Amino acid sequence: MKIAMIGWEYPPFKAGGLATHCYGLTRSLADKNVKIDFYMPKTKKSAHNDKSNLQIIEVGETEIFPYDRPDSKEIGGNFYEAVYYYNNLVVSKVEKNIKANGKYDAVHCHDWLTMKAGINLKEKWGLPLVLTIHSTEFDRSGWLYPNQWFIDLEREGMEKADRIIAVSHFTKRVIVDKYAINPDKITVIHNAVYPIPEGHKQEIVLFLGRLTIQKGAEFFLKAAQKVKDFEPDTKFVIAGTGDMLPRLISQAIDMGISDRVIFTGRLTEEEVKHIYGISSVYVMPSVSEPFGITALEAISAGTPTIASKTAGFSEVFNNCLRVDFWDTDEMANKIISLLRYDPLHRTLVKEGKSEVNLFTWDRVADKTIDVYNGVI
Amino acid sequence: MPSICLYFEVHQPLRLNRFSVFNIGNNIQNPIYFDSKLNQEIFEKVARKCYLPTNNLLLDLINRSDGKFRVSFSLTGTFIEYCKQYMPEIIDSFKELFKTGAVDMIEETYYHSLSSLYDEMDEFEEQVKLHRQMIKNLFNYKPRIFRNTEAIYDNRIAKKVSDMGYKGIITEGTEKILHWRSPNFLYKPINCNLKILLRNYTLSDDVGFRFSARLWKDYPLTAEKYAYWMAKNEGDLINLFMDYETFGEHHWETTGIFDFLNNLPNEVFKHKHLDFVTVSEAVARYEPVGEIDVPWAISWADEDRDVSTWLGNDMQKACFNELKNLGKKLKEKDDKDMLNTWRRLQTSDHLYYVSTKGMEDGAVHAYFSPYDGPYDGFINYMNILQDLKQRLD
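Heads up: the protein sequence lines correspond to chains A and B, in order. If you number the first sequence the way the working numbering does, the last residue is 376 and the count never jumps. If you number the second sequence the way the working numbering does, the last residue is 393 and the count never jumps.
These aren't lab readings, by the way, just hints derived from the structure by calculation. Owing to the predicted nature of the structure, the values given are computational and were not obtained by experimental measurement. We put the CB at the ideal spot given by N, CA and C, even for glycine. Please note that the accuracy of each hint is not assured.
Estimated spans, in silico, between C-beta atoms of each pair [as the list claims (entries may be wrong)]:
1) Lys367/A with Glu44/B: 44 to 52 Å
2) Leu178/B with Trp326/A: 50 to 58 Å
3) Glu203/A with Lys317/B: 19 to 27 Å
4) Gln202/A with Gly25/B: 21 to 29 Å
Input sequences plus hints: build the corresponding full structure.
In structure tokens:
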């Protein structure tokens with residue numbers, strides 16, 4: 001089986017869960033004897049690869065990331081053109097490889113950015129198209145003012161895809177309800193995680209993610225303010241960057257908690273592992289979270305997690321705490337309980353780690369191969 | 001000829017209010033720990049679906065059989081408190097059942113607590129006496145048979161129960177204590193003079209758990225089939241012990257559970273060698289055939305049949321220890337309200353909700369739990385225990 005997979009990011013270059021997913025999936029597929037050509041933009045640090053079945057093929061350069069919005073980038077007016085331009089580059093590269101080495105059995109795209117290329121290749125070469133939806137425009141906009149251009153592009157890809165993989169039942173419902181797609185062609189495959197080692201725990205409550213409206217960091221700050229008087233030694237770390245960073249910093253100052261909150265900015269992969277390892281509590285207050293790989297990463301590092309009730313991973317994961325993202329009283333109640341009640345913390349660490357071990361990329365690859373077999 | 005001993009546990013816990021860390025120490029005078037709205041709602045729902053219709057049916061069955069159909073009950077103190085507060089007619093209907101002479105009452109701890117597992121047995125004894133007083137007030141009767149919370153049993157508990165004057169005790173007929181032996185006989189503890197009634201868990205769970213399971217090979221279970229199975233059993237006594245909510249609540253009316261119960265006596269009487277006995281009659285009629293040694297506590301809960309249902313993880317142990325320690329302080333004070341609150345918090349259900357057992361048992365736990373999982377259950381319960389502790393200091 002030979003698959004052309006079109007992605008956007010791949011470790012060490014990484015802005016979000018898409019990179020983690022593509023890394024885990026492609027490596028496990030390669031181990032199961034699926035030949036994968038992974039197409040992605042050229043980056044400053046080349047992706048490392050040691051699997052003979054897996055080729056990372058870099059195509060051109062681009063300034064766009066899958067989490068970008070047209071108004072949050074210097075490219076501004078050129079945004080849409082840049083997307084089309086890049087997709088065309090990918091198509092010509094794939095076609096060149098088809099002509100040189102023969103056809104692929106299927107093409108597999110991830111999210112909106114590469115959909116045009118997938119559609120194009122399906123229509124021109126009759127390749128079955130598989131689409132994984134990691135997030136939709138509704139998630140990324142936090143369900144406020146979604147941008148119609150993205151929605152139209154996503155809908156076109158979903159309609160033309162032979163098979164859609166959704167990372168959760170939550171996302172499947174969005175695809176069915178908001179994009180009017182036939183539920184029968186959607187398969188739910190929950191993500192997996194490569195475990196991260198536990199470090200020497202400190203009294204740190206961690207937020208880690210893009211600082212965008214979707215991820216709900218402002219609710220984390222509100223909860224931090226409520227925890228402050230009860231747990232005077234606790235530090236709150238906000239790791240990551242994004243368009244909301246300046247607003248969050250001034251919010252922390254206005255709340256009088258700037259001495260307790262540390263903004264780290266963007267962290268390297270090593271730094272991310274370190275901070276997961278030494279934190280005592282991880283909070284994921286996302287307004288909309290199709291899956292939430294970071295929660296599983298934190299849990300694997302022995303850090304109990306408080307996640308939004310709607311987060312996709314929690315559909316199939318028991319050993320975490322759940323809150324409504326807007327309920328910062330309950331979020332604070334749970335943060336304090338985790339810091340105060342050692343048996344609670346201990347049990348969540350122990351049970352969480354053993355449950356997280358069930359979420360392997362091997363399992364994701366098996367289920368993805370089933371999907372491929374259904375369209376080839 | 002085997003006698004059938006039907007016994008029902010009737011219990012409702014006092015579920016807790018949402019109580020966050022921010023509530024601790026806030027309302028020193030009169031904190032509201034119990035969620036009376038939710039409790040009333042659940043109680044009235046279960047009363048309509050189970051208590052009232054099942055009591056009526058049992059009364060009818062007893063009358064129709066001239067008292068040959070016989071059953072036994074254990075009513076917890078918290079259950080009776082609910083009845084008094086919301087539906088006193090349920091108490092009347094139990095009184096009417098008792099008056100037939102075909103109904104026996106079983107003793108237990110008033111609060112359906114784990115006090116039998118404390119280091120000292122004094123709190124256990126007090127709670128049993130409270131229950132004894134309650135049964136005397138309601139039925140003018142002194143029970144002879146004891147059943148500890150969820151049939152928790154070990155040698156120490158047996159000795160205490162025997163010392164308190166009971167003739168028999170009920171527990172689980174698990175292979176853990178029986179090995180190759182049959183549960184269909186009476187046994188005695190190694191260390192005291194008491195008769196042990198052992199639950200026949202296969203036959204009990206056929207009704208309690210499997211009755212409405214469509215994937216079960218014996219689905220649907222008819223009274224005829226069930227009576228035939230019992231007729232084939234050897235031994236003195238078939239002990240069928242189950243939650244009373246089996247009828248109409250765990251299995252809804254639409255599953256045919258009431259028809260099953262309605263037909264059961266007649267189907268049983270078709271087998272001439274079968275009859276029904278109450279727990280007291282079972283103990284009076286039969287003699288123990290062997291001894292049972294239980295150094296570690298067993299129960300009828302979950303697959304493990306031990307106390308791990310309530311004390312299986314660190315969170316449960318922490319709550320249990322906190323609860324025990326509160327008791328030591330409380331007894332030095334003479335505050336009836338606080339003592340009563342502490343005892344209501346001892347109801348075993350509060351710890352049951354904190355269980356993290358996986359798979360099949362976990363699904364059962366989730367069904368009964370008012371919380372979004374064991375961790376929320378722990379936080380809420382522990383916050384309340386902390387508040388009570390602050391009020392004590």
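Hints, one by one, checked against the model:
Take Lys367/A and Glu44/B: their Cβ atoms lie about 46 Å apart, and the range 44 to 52 Å holds. At roughly 55 Å, the beta-carbon separation of Leu178/B and Trp326/A lies within the given 50 to 58 Å, and the hint holds. Checking the proposed 19 to 27 Å range against Glu203/A and Lys317/B shows it holds: the Cβ atoms sit about 24 Å from each other. A hinted range of 21 to 29 Å holds for the C-beta pair Gln202/A and Gly25/B, which are about 27 Å apart.
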